[in-house]
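The chain contents come next:
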Amino acid sequence: MFPTFAGVESRMGFSIPAWYRPVDIRYLRSLVAGSLRKNFRETVKDLVPELASLVASGFSKKLRFKLLILSRDGEYRATYEFPENYAPGASVEIELSRLFASLKLPQDDYLVIAVMSRGRMDGFRSSPASYSMTYVDQDNVAIYRTGAFARPLNEGRLKAHVGFTGINPKIIATADIVSSLLLINHSSDPEYAHAARPTSKLIRGDGEQIEGDFGEIPPLGAREMSVVDMFGSRVFDFLKPFGGRGTTVTTCAGVTLASLHLQRTNDNRRTLLGIEHSRPAHMNLAGILQH
Amino acid sequence: MSGELPIGEAVARGYPPAVLYLRNDDTVTTEVCAFNYFSVFMKDHPEADAHAWFFDGAGKPAGYFHRELGANGQLQLQTSELCPRISGTVAMALIPKQETKLRPGRKVTTGYYAQYFSQHGAVTLSHEREPVAAAPFPTSAWMQSYLTRFLKESGVVLVNSCMASDGASVGTTRLMALDGTALGERTLPTIAPMGAVRISTLELFPDAERLVGASEGFALEFKGTNIASPFSYYEFANGKFSLHHF
Chain Y
2 MFPTFAGVES RMGFSIPAWY RPVDIRYLRS LVAGSLRKNF RETVKDLVPE LASLVASGFS
62 KKLRFKLLIL SRDGEYRATY EFPENYAPGA SVEIELSRLF ASLKLPQDDY LVIAVMSRGR
122 MDGFRSSPAS YSMTYVDQDN VAIYRTGAFA RPLNEGRLKA HVGFTGINPK IIATADIVSS
182 LLLINHSSDP EYAHAARPTS KLIRGDGEQI EGDFGEIPPL GAREMSVVDM FGSRVFDFLK
242 PFGGRGTTVT TCAGVTLASL HLQRTNDNRR TLLGIEHSRP AHMNLAGILQ H
Chain B
3 MSGELPIGEA VARGYPPAVL YLRNDDTVTT EVCAFNYFSV FMKDHPEADA HAWFFDGAGK
63 PAGYFHRELG ANGQLQLQTS ELCPRISGTV AMALIPKQET KLRPGRKVTT GYYAQYFSQH
123 GAVTLSHERE PVAAAPFPTS AWMQSYLTRF LKESGVVLVN SCMASDGASV GTTRLMALDG
183 TALGERTLPT IAPMGAVRIS TLELFPDAER LVGASEGFAL EFKGTNIASP FSYYEFANGK
243 FSLHHF
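Quick mapping for you: the protein sequence lines, in order, are chains Y and B.
What the first sequence shows, in our numbering, is residues 2 to 292, in sequence order.
What the second sequence shows, in our numbering, is residues 3 to 248, in sequence order.
Possibly wrong hints are sitting among the right ones.
What the hints assert, rightly or not - If we take Cβ atoms under 7 Å as the criterion, some of the chain B residues that face chain Y in the derived model are:
(1) 129
(2) 140
(3) 143
Stated by the list, open to error - Once the Cα atoms are required to be at most 25 Å apart in a straight line, the calculated BS3-like pairs of lysine-lysine come out as:
(4) B:45 to Y:202
(5) B:225 to B:62
(6) Y:63 to B:45
As the list claims (entries may be wrong) - Counterexamples of contact, computed for chain B against chain Y with all Cβ distances above 10 Å:
(7) 29
(8) 59
(9) 62
(10) 86
(11) 104
(12) 138
(13) 139
(14) 152
(15) 154
(16) 167
(17) 201
(18) 204
(19) 219
Treat the hints as calculated values from the structure; they're not laboratory data.
For each residue, glycine too, the CB sits at the ideal point set by N, CA and C.
Chain Y with its partners taken away, still in its complex shape:
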């Protein structure tokens, strides 16, 4: 699920590595291992569509792609199917602003869900490649890339969620740059109907902190909030003794959110300088026996 920004050239790309195969021994092994962790009913529910799609595709190495376009409020807008199949070694590339115009969608901020004809299930926590989002804004090129994972998200039937903790130590609030957080309330459940309301605290180098409200993110929607939106214009003075630098720790109980960190010029979000997805910090601690 990727954001686009009104007035900004937004390109989505996915390069299929030459080594990609829909099925290999490693994947089959992981399917079995993943199934053993689930009960029989869940296993059948997951494996039947997986195996059926394999048979339906004739075990083809080629991939098909489809895009679902949503408003930032999570409302469905349009679907686009790529007319061609793509073989390993090929790249899918599309300029989304142009696509929106061809679909007669007004210029606006959107969310795009990319759907592949084949993915990799949760038991196999790897993606054959990364989706690439390239934003060309005036004369800035900002890119972020993230893997194509097939896993249950905010879908209680399949996976319980303990909550979201997003840490961004790249916060800047100066005369030139203001950082933003963009959170996506995504789900693998098309009927998902839970709004998220995260809170955030801004911590500076001496440990002093201020709290802010992120606001509500509708189900299947997204919201971008700058540090000025969240904490008010006092952020500039608050961070000034620390070179305008700080860290936000944003939390939301009971849901998993996708999180993007943006650096923008200090001119009401007119220019996007840099963008990156965050990584869940707690995953780094998985190797610790007790914590």
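The hints should help you fit chain B onto chain Y, whose structure is shown.
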């Protein structure tokens, strides 16, 4: 903690530092950003040590940094003040002060970010990439697409995240059309352990413009040994630098 922690010791203790590209020159400076997340997830033992090791492009040690981070401690490290005019790699580890027991065969990796500041206020970001490897490792092919209209400005940064003395990176690259046709292939320059290279598309494939032709995009593929996730980049004549991992 006093004195320098050897990077090999951090790896041996199960805390392999994560590697990122480092660039400090007239065009770009690198800021390393981290937060002591142990204080969020291990509230009983919130203190940690941040260690950063710097290497030049040839993999030669170029500096070391250590700071104790208490509860909610953070780091926004201007690496250009520590190792000005050094481009290569940075490896960073957050290690809890409290002795912790690791799961058998598991490691504790480190999450952090780098911000690359360049001319005209440009900023580009990356989260950490692969952990330092103590032994050589094979890499499957990485491939990523680029915009043809910025072909002259485009290129790749390749990082060797292996610290073993016999862990030089060797490999090949292919220039690919978007339909998967290979337009060219060549060997990559050897990269020393913990070193890095920045190579433009035209250095790799001087005929790239002719080979790619009118297509809106093209792709570059990299494979070999000890090559961490590559970074694509665009560097414009005005000094703006945009980079991101594959």
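Status of the hints after comparison with the structure:
For residue 129 (chain B), the interface hint holds, since its Cβ comes within 7 Å of a Cβ in chain Y; the closest pair sits about 5 Å apart. The beta carbon of residue 140 (chain B) is not positioned within 7 Å of any beta carbon in chain Y (closest approach about 12 Å), and the interface hint is therefore violated. A hinted interface residue such as residue 143 (chain B) counts as satisfied when its beta carbon comes closer than 7 Å to some beta carbon of chain Y; here the least separation is about 5 Å, so the hint holds. Distance hint between residue 45 (chain B) and residue 202 (chain Y) is fulfilled; the C-alpha atoms sit about 17 Å from each other, no more than 25 Å.
The suggested pairing of residue 225 (chain B) with residue 62 (chain B) holds, with an alpha-carbon distance near 24 Å, which does not exceed 25 Å. This hinted pair does not check out: residue 63 (chain Y) and residue 45 (chain B) have alpha carbons roughly 48 Å apart, beyond 25 Å. For residue 29 (chain B), the requirement that its beta carbon stay farther than 10 Å from each beta carbon of chain Y is met, with the minimum near 15 Å. The non-interface label for residue 59 (chain B) is consistent with chain Y: the shortest C-beta to C-beta separation is roughly 23 Å, beyond 10 Å.
With a closest Cβ-Cβ approach of about 28 Å to chain Y, residue 62 (chain B) is found to remain outside the 10 Å limit, as its non-interface label requires. For residue 86 (chain B), the non-interface assignment is confirmed: its Cβ lies about 18 Å from the closest Cβ of chain Y, beyond the 10 Å cut-off. With a closest Cβ-Cβ approach of about 5 Å to chain Y, residue 104 (chain B) is found to fall inside the 10 Å limit, against its non-interface label. For residue 138 (chain B), the condition that its CB be more than 10 Å from all CB atoms of chain Y holds, with the nearest at approximately 20 Å.
Residue 139 (chain B), annotated as away from the interface, keeps every beta carbon of chain Y farther than 10 Å; the closest lies near 16 Å. The claim that residue 152 (chain B) is not at the interface with chain Y is violated, since a C-beta of that chain comes within 10 Å of its own (minimum 7 Å). Distance check on residue 154 (chain B): its Cβ is at least 14 Å (rounded) from any Cβ of chain Y, clearing the 10 Å threshold; non-interface status holds. The claim that residue 167 (chain B) lies off the interface holds: its Cβ sits roughly 26 Å from the closest Cβ of chain Y, which is beyond the 10 Å cut-off.
Every beta carbon of chain Y lies more than 10 Å from that of residue 201 (chain B), the smallest distance being close to 18 Å; the non-interface claim holds. Every CB of chain Y lies more than 10 Å from the CB of residue 204 (chain B), the least distance being 18 Å, so the non-interface label holds. Not every C-beta of chain Y lies more than 10 Å from that of residue 219 (chain B), the closest at about 5 Å, which undercuts listing it as non-interface.
Checked against the numbered hints above, the structure violates hints 2, 6, 11, 14, 19; every other hint is satisfied.
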